[in-house]
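Could you slot chain B onto chain A? The hints should help.
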Amino acid sequence: MAAPSPPPLPRPYQDTAAYWQAAREHRFIIQKCADCAEFQFYPRGVCSHCLSSALEWEEASGRGEVYSFSINYRAPHPGFADKTPFVLALVTLAEGPRMMTNIVDCDPDTVRIGMAVTVTFDDVTEDVTLPKFRPL
Amino acid sequence: MATALRDVAIVGVAESDIGRVPDKSKFQLSAEASRMALEDAGLSVGDVDGLFTTIITEGGQFSSMLMAEYMGITPRFTDSTSIGGSSFVVYVEHAAMAIAAGLCDVALICHGSTNISDRGGRGGPVSQSTEVFGPTQFEEPYGVSTVGAYALAAQRHMHEYGTTSEQLAEIAVATRKWASLNPKARMRDPITIDDVMNSRVIASPLHLLDCCLVTDAGGAVVLTSLERARDLKKAPVRVLGAGEAHSHRMISQMPDLTQTAAAISGKLAFERAGLTHSDIDVAEIYDSFTITVLLTLESLGFCAKGEGGAFVSNQRTAPGGEFSMNTQGGALSYTHPGMFGIFTIIEAVRQVRGECGPRQVPGAEVALCNGTGGTLSSTGTIILGRD
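Just so you know, the protein sequences line up as chains A and B, in that order.
With the first letter of the first sequence counted as 1, position 49 gets the number 49 in my numbering; the numbers rise by one all the way through.
With the first letter of the second sequence counted as 1, position 166 gets the number 166 in my numbering; the numbers rise by one all the way through.
The shape of chain A in the complex, shown without the other chains (with noise of 0.2 Å):
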């Protein structure tokens, strides 16, 4: 029998590999905009509320809520096929910009929009790890 094929991982790039350095880390970083004070996720090479390229890093508090949830029973590439059913949802950092995550080391069903959830890290690989988030 073929080995499970790994899911997809990023590949890092020049907008964020400070980003994945960090979660291996297992600190979660999100950028600020010095000129404007607003928040972004996901990390780019330039602020995406005013254009500029004053972008900082700061820790976040990994808090956040629940916005969306999904279920999902079919796995979408080979690689979650031993994974299903996992949560897909969509977390709304305490600092305001909004994130794709699974929610996990919980019941599926015990999933629900508003729930306050933190981070948690998942390493994925020796060199790859995902922030994922948990009921608080």
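Hints in this document: simulated from the structure, not taken from any laboratory.
For each residue, glycine too, the CB sits at the ideal point set by N, CA and C.
Just so you know, not all the hints are guaranteed correct.
[What the hints assert, rightly or not] Here are some of the chain A residues that sit facing chain B, going by a computed Cβ distance under 10 Å:
hint	residue
1	S5
2	P8
3	P10
4	T16
5	H77
6	P85
7	G96
8	M99
9	T101
10	C106
[Claimed, not checked] Stretches of chain B that chain A covers, calculated by requiring three or more beta carbons in the stretch to come under 8 Å of a beta carbon on chain A:
hint	stretch
11	79-87
12	202-216
13	248-261
Below, chain B alone, put in the same frame as chain A:
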């Protein structure tokens, strides 16, 4: 521009072989649909000087050059705007603008896809990539899929407005009734709300029967100036208004999961057409999922935000209902080769021409098409009418 658009007409439409067509390439399906649409118009391929197409699957790079070369066309106006399934609806606006400006005379919009044959059967994995470059690396590693993304919107709409799975199922049931009247539709057997509710959950709250088909198909649309159109084979179908917009690429960046860019594109189309909702006799709304239709109806303003569930209840969109919608059976039951937009136009034109036989909406003079592309990301709205 609003008046200039009105001086352009759709003069030919066609779909290729559709369903499961394993012996034909997507390029051939696109080209054969083009030939048939030109025949429908009474034009020949040598008349085409504007080409509008996009292919987002393997081998489709440089889409308009590829398809022009494949068909022996040398366009002097070309457009491969690639915003998903709405691209082809948006091309109507772009083509009308180009024709009105004298930049081309005969515009061909075409599309072909072998989504089911490529995948070797429904339900196969969509993605095989193991490394994700670019912003989608903030979604794909979490297992996002098209259905998963749309499910997020459905769940949020239910949370905010109390919309139910039964209300979403109303759309699937009504659309199947239209499909039963269309010999070309892939799924024609009647279904009930219970059938939808009892079909397996793919991504909560969406069931299998909330999801569009996966098929092979090609389609094509031909436009020219209204002046020239009046001398062609069939009665011209005028472009009365058009609008386009996109609000995001990835679902995680969608500003409000309960409203699509149709709130912008639809408003523009109505304003440019000088028409209101009550003028629309038939609506062809891209139905990738039942929730897509519900959000689009609200965003277009056919009902207030949050009232989509009530709007579609009691089979309102079924044959004989108050609101004739997706009259060929839609992406849910007729065909869905990955990008459905062009098929909304083909059906709207046939309805306005009165060619639809048992599914003809009596007295249909004005039709609205709305394409949605990406993950609820982009929209194109057009309003078409009799000359």
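Here is how each hint holds up against the structure:
no.: 1; hint: S5; result: holds (7 Å)
no.: 2; hint: P8; result: holds (5 Å)
no.: 3; hint: P10; result: holds (4 Å)
no.: 4; hint: T16; result: holds (7 Å)
no.: 5; hint: H77; result: holds (5 Å)
no.: 6; hint: P85; result: holds (9 Å)
no.: 7; hint: G96; result: violated (13 Å)
no.: 8; hint: M99; result: holds (6 Å)
no.: 9; hint: T101; result: holds (6 Å)
no.: 10; hint: C106; result: violated (15 Å)
no.: 11; hint: 79-87; result: violated (count 0)
no.: 12; hint: 202-216; result: holds (count 5)
no.: 13; hint: 248-261; result: holds (count 5)
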